[in-house]
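Protein sequence lines, in the order shown, are assigned to chains S and R.
Taking the numbering used here, the leading residue of the first sequence gets 29, the next gets one more, and so forth.
Taking the numbering used here, the leading residue of the second sequence gets 180, the next gets one more, and so forth.
Hints were generated in silico from the structure; no laboratory data involved.
Some clues are possibly wrong.
DEER-style ranges, computed between Cβ atoms [stated by the list, open to error]: (1) R:Ile324 - S:Val230: 49 to 59 Å; (2) S:Glu374 - R:Lys318: 31 to 41 Å; (3) S:Tyr36 - R:Asn657: 14 to 24 Å; (4) R:Glu524 - S:Tyr368: 44 to 54 Å.
Computed list of chain R residues with no C-beta within reach of chain S, every gap over 10 Å [said to hold, decoys possible]: (5) Glu285; (6) Arg403; (7) Glu524; (8) Trp555; (9) Arg568; (10) Glu686.
Short derived list, chain S residues pointing at chain R, Cβ under 7 Å [stated by the list, open to error]: (11) Ala195; (12) His238; (13) Tyr243; (14) Phe254; (15) Gly259; (16) Ser263.
Beta carbons are placed, not taken as given, at the ideal position from N, Cα and C, and that holds for glycine.
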Amino acid sequence: MEKFVLKYFNLIRTIIAILIGLVISVCLIYLVSKDPGFSLKQFLLGPFLSRGRFSNMIESLSPILFCGLAIAVAFQARQFNVGAEGSLFLGAAVGTAFAVSTRMPIFLHIPLVLLVAGVVGAAWNYIPGLLKARWNASELVSSLMMNYVAYFLGLYLINFHFRDKAAGYLVSLQLPQTAWLQQFIPDTRMHWGIVLSLVFAVLVWFFLYHSTTGYEVRMTGYNEKFARFGGIRVSRIVILSQVILGLIAGIGGMTEVMGIHHRFNWQISPGYGWDGVIVAIIGRNHPLLIVAASLFLAYMRVGGQVLTLMSDVPAEMVTVIQSVIILLITAEAFLSRWRYGITVREAARKVAAR
Amino acid sequence: METILEARNILMIYEDGVVANRDVSLSVEANTIHAVVGENGAGKSTLMKILFGIRQPQQGEIVYKGRKVQIRSPHEAIRLGIGMVHQHLMLAPDLTVAENMVLGVEPRSARLFLDTRKALAITERVSREFGMDVPADRKIKDLPIGVRQRVEILKALYRNAELLILDEPTAVLTPQEAEGLFKTLLDLKAHGKTIIFISHKLKEVKRIADRVTVMRDARVITTREAEGISEHEIAYLMVGREISFERIPAPRAVGNPLLTVRGLSLVNDENVRVLSNVSFDVRAGEILGLAGVEGNGQTELVRILTGLLPASAGHVSIRGTPVTGLSPRAIRETGTAHIPEDRMEDGAAAEASLQENIIIDRYYKKDFSRRMRLLWRSIAQHSLELVSRFNILALSPRAAVSSLSGGNIQKVVVARELSSNPEVVIASQPTRGIDVGSEEMVHNLLREARDNGKAVFLTSADLDEILKLSNRILVIYNGELVAHFREVANISAKDLGPYMLGVQREEAVSGEVRP
Chain S
29 MEKFVLKYFN
39 LIRTIIAILI
49 GLVISVCLIY
59 LVSKDPGFSL
69 KQFLLGPFLS
79 RGRFSNMIES
89 LSPILFCGLA
99 IAVAFQARQF
109 NVGAEGSLFL
119 GAAVGTAFAV
129 STRMPIFLHI
139 PLVLLVAGVV
149 GAAWNYIPGL
159 LKARWNASEL
169 VSSLMMNYVA
179 YFLGLYLINF
189 HFRDKAAGYL
199 VSLQLPQTAW
209 LQQFIPDTRM
219 HWGIVLSLVF
229 AVLVWFFLYH
239 STTGYEVRMT
249 GYNEKFARFG
259 GIRVSRIVIL
269 SQVILGLIAG
279 IGGMTEVMGI
289 HHRFNWQISP
299 GYGWDGVIVA
309 IIGRNHPLLI
319 VAASLFLAYM
329 RVGGQVLTLM
339 SDVPAEMVTV
349 IQSVIILLIT
359 AEAFLSRWRY
369 GITVREAARK
379 VAAR
Chain R
180 METILEARNI
190 LMIYEDGVVA
200 NRDVSLSVEA
210 NTIHAVVGEN
220 GAGKSTLMKI
230 LFGIRQPQQG
240 EIVYKGRKVQ
250 IRSPHEAIRL
260 GIGMVHQHLM
270 LAPDLTVAEN
280 MVLGVEPRSA
290 RLFLDTRKAL
300 AITERVSREF
310 GMDVPADRKI
320 KDLPIGVRQR
330 VEILKALYRN
340 AELLILDEPT
350 AVLTPQEAEG
360 LFKTLLDLKA
370 HGKTIIFISH
380 KLKEVKRIAD
390 RVTVMRDARV
400 ITTREAEGIS
410 EHEIAYLMVG
420 REISFERIPA
430 PRAVGNPLLT
440 VRGLSLVNDE
450 NVRVLSNVSF
460 DVRAGEILGL
470 AGVEGNGQTE
480 LVRILTGLLP
490 ASAGHVSIRG
500 TPVTGLSPRA
510 IRETGTAHIP
520 EDRMEDGAAA
530 EASLQENIII
540 DRYYKKDFSR
550 RMRLLWRSIA
560 QHSLELVSRF
570 NILALSPRAA
580 VSSLSGGNIQ
590 KVVVARELSS
600 NPEVVIASQP
610 TRGIDVGSEE
620 MVHNLLREAR
630 DNGKAVFLTS
640 ADLDEILKLS
650 NRILVIYNGE
660 LVAHFREVAN
670 ISAKDLGPYM
680 LGVQREEAVS
690 GEVRP
């Protein structure tokens, strides 16, 4: 039993954190709700209670997953670039502009639009990468600041040049149908972009753990001096890892536009880039764990939406509950004493046996 | 004699499951110098941490001055009268000696401000009382390491330490400085203090200790009177087998220079001259030793030779190819291996696996990757080969390097560097902080490289190592070569010391050899 705990400690700790978070949520819901049983059911089971909600959960998985993977590549190289949000936003904006201005067959249009969005995102994050490699400017600060620039640039592009004046609100022109990602289950909004995000998870996993460049990325992250000592061009990796971040985030933003509304309709930054940071941390920068983390976060988000819609629990409380759970999961030292105790008993037993 | 401190049946297990102390008992007589010796990872430092309250053992008890005590923090240890001088000195470099002395127990003026004058007076009083000179008003960072160590000892004495623990105090000192420390320790003993000191170096143990405790593999093997035990015997008990102490004989044939350095200079970012006009050759089939107190330019010199740092002036060529300004990889490709001075900083990635550490210089070669794809199976196989060939203690090639002991991590580094089939080996502190057994192995490997016609450039703070391995010796002081010993047979540490300290120097020294 104790051996089992040691082996799967991180998994068990995550599960316990979720359980504690849920207990706290239950308490909070009991405090604020007149019908706590009903509210609780909406929060926990809501995402599964209708086809529409389930679809909501799966579709919101995709942008979170894209951003999580993007962030993970940079974090693996120990580059704390948080520019996924900006790359996603600007990539999607420029991609939209490109999509509405071009006419071509579907088999060309979809990949080209995605490529444009990805390249824009990549180019955008080349800047903090270059600043870091050249002048050792903190990528955390520069990418954070550039998120604002990307946001306003994207808004400017859409609202002043590609706005659909016929629509009653601020949105871009509709994409031509050749640039739509179709639903793979009819009557839902589950589109091929979601499948693409899962494909990317596998690609990123392969890149990080089975390619020479991925090895360079990880070694740079483990110990930059060691990487340089071994002959890796560290500055190249510093830039490359951030460029890849931008690429993936840009593509992720574009799939949202192409798969759901078929227009660019973000007037405020959607926040997926920040969700990406969260899932990258929960998934410890491992692409396959990030899939699970993204699914969990999507579940929490949709559960929260359902709770807000269906019960008397205010939206703010939902955010509090989500934060509590995420905080517990990410707290590294949580339960470390427990683990130490088990380690000691195991070792002591071995000593005694000898 | 009266027993001042006794540890009984200590069991200490770390977070990663390593059993560092197993049924360890130690009894220290008052007013003696008690040496604790053992290989790396034998559990000496752990035991000291327990005595000083840094870690709490799972089992066992400590009796201090006849009373059973629980030492839960260094603070409590100090209150009991136990002081500790750490291996990496715990002083604030930007504060003065006096400020460091009173840190935490400051004399105050108006209850709020540090009373500098009083602090100076205290420092002078304590330093006079124990006959240890320190410049009270100088900043720590401006002082040589030997003086800093004295400050740390005085600091403990000012806190009324009866029992002083020193963790490998001589590791960073020159022979002359070490001699000074021994005098200090003997003086303190005369003042009635008790001293526990940890060491790797058996000579110094014999020189000053009254009693010796030998640890091996987390246990205490024996405690003996220093009088009745020989260096040889201590080494045998530490390692559990015979160790050779002979100087390694001179090589049969020396070939052409493989590493050529001419007029190398370096001015660093703070406009300080770190290296001045350094020239030397290392020939095939010889080991050239560079002796010097740490921080006299050796680190930078090695970094320049391996492409990690650009020089301000001068040339380096390896096997006839100019390598000045080439990248670390390009220099490695000329057939150069580099054992870095700090294995955890440059030599290894602690969280990465053993096999990932092994391939850092070869992952892109065709044996280990094909079209950008890593061939993990061949990598694992290659790593296993090295693990068995270099006798590395590891659970699997996928185990994180951080789970290995210091000596085994060094073996991983040495295994990687020497298995790349180099022509030139640049070894910096290749045995720093590793145990006698691993040290012997590394020495044999370097000797083997030399006998196979490689050129070996060795820098080390450990003079015994330099003397034991080198065919020629250069001494560096303040970035300049100050002595060149072409014959080393009759040279001893005492001959090198004055050069290392800058007391003595030859004119226009160069380590060049004429063909």
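Evaluated hints:
Between Ile324 of chain R and Val230 of chain S the beta carbon distance is about 54 Å. The supplied range of 49 to 59 Å therefore holds. Taking the beta carbon of each, Glu374 of chain S and Lys318 of chain R are about 48 Å apart, not inside 31 to 41 Å as hinted. At about 56 Å, the CB distance of Tyr36 of chain S to Asn657 of chain R disagrees with the hint of 14 to 24 Å. Checked against the hint of 44 to 54 Å, the pair Glu524 of chain R and Tyr368 of chain S fails, with Cβ atoms roughly 28 Å apart.
Non-interface call for Glu285 of chain R relative to chain S: holds, since the shortest CB-CB distance, roughly 33 Å, exceeds 10 Å. Chain S leaves Arg403 of chain R outside its interface by the beta-carbon criterion, the shortest separation being 26 Å against a cut-off of 10 Å. With a least beta-carbon separation of about 6 Å from chain S, Glu524 of chain R fails to lie farther than 10 Å from that chain, contradicting its non-interface assignment. For Trp555 of chain R, the non-interface assignment is contradicted: its Cβ lies about 7 Å from the closest Cβ of chain S, within the 10 Å cut-off.
Separation of Arg568 of chain R from chain S is adequate, the least Cβ-Cβ distance of about 20 Å exceeding the 10 Å criterion. Listed as outside the interface, Glu686 of chain R is consistent with that label: its C-beta sits roughly 36 Å from the nearest C-beta of chain S, beyond the 10 Å cut-off. With a least beta-carbon distance of about 46 Å to chain R, the hint placing Ala195 of chain S at the interface is violated under the 7 Å criterion. The criterion of a C-beta within 7 Å of any C-beta in chain R is met by His238 of chain S, whose closest approach is roughly 6 Å, and the hint holds.
Hint on Tyr243 of chain S holds. Least Cβ distance to chain R is approximately 6 Å, under the 7 Å limit. A hinted interface residue such as Phe254 of chain S counts as satisfied when its beta carbon comes closer than 7 Å to some beta carbon of chain R; here the least separation is about 5 Å, so the hint holds. Given hint, Gly259 of chain S at the interface with chain R, holds; its Cβ is 3 Å from that chain's nearest Cβ, closer than 7 Å. Proximity of Ser263 of chain S to chain R is violated relative to the hint, the smallest CB-CB distance being about 11 Å (cut-off 7 Å).
Of the numbered hints stated above, those contradicted by the structure are hints 2, 3, 4, 7, 8, 11, 16, listed in ascending order.
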